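Undergrad: Sequence:
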Amino acid sequence: MGKIINFEQAKIKLLEKERDREIEKFNLKTHYILELIEANMTEEEKRKRRELEEELEKALKGLI
360 MGKIINFEQA KIKLLEKERD REIEKFNLKT HYILELIEAN MTEEEKRKRR ELEEELEKAL
420 KGLI
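For reference, each letter of the sequence shown is one residue, going 360 to 423 in this note's numbering.
Treat the hints loosely; a few may be bogus.
What the hints assert, rightly or not - Restraint-style ranges between C-beta atoms, simulated for each label pair:
| no. | residue 1 | residue 2 | range |
| --- | --- | --- | --- |
| 1 | 367 | 401 | 53 to 59 Å |
| 2 | 388 | 423 | 47 to 53 Å |
| 3 | 399 | 420 | 27 to 33 Å |
| 4 | 414 | 394 | 19 to 25 Å |
| 5 | 411 | 390 | 18 to 24 Å |
What the hints contain is simulated information worked out from the structure, not anything from laboratory work. No experiment lies behind these values; they were computed from the predicted model shown. Just so it is clear, CB atoms sit at the ideal spot from N, CA and C, and this is done for glycine as well.
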């Protein structure tokens with residue numbers, strides 16, 4: 360006997376896959392833009408960014 364297909368569930372899965380593909384495309388574009396920004400940062404800007412990241416990590420650890 361064949362597999363019973365629930366079309367509503369199949370439709371939901373297709374929509375979820377499409378959403379996941381769109382999210383992946385967005386993430387790739389965002390990553391590319393961030394790489395461009397980082398490549399054009401001065402050493403001073405990179406140092407300030409690292410300092411801010413460290414402060415954020417400390418603050419987040421304090422919240423956990």
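Undergrad: None of the hints should be skipped; say for each whether it holds.
TA: The hints, checked one at a time:
{"no.": "1", "hint": "367 x 401: 53 to 59 Å", "result": "holds, 55 Å"}
{"no.": "2", "hint": "388 x 423: 47 to 53 Å", "result": "violated, 31 Å"}
{"no.": "3", "hint": "399 x 420: 27 to 33 Å", "result": "holds, 31 Å"}
{"no.": "4", "hint": "414 x 394: 19 to 25 Å", "result": "holds, 23 Å"}
{"no.": "5", "hint": "411 x 390: 18 to 24 Å", "result": "holds, 20 Å"}
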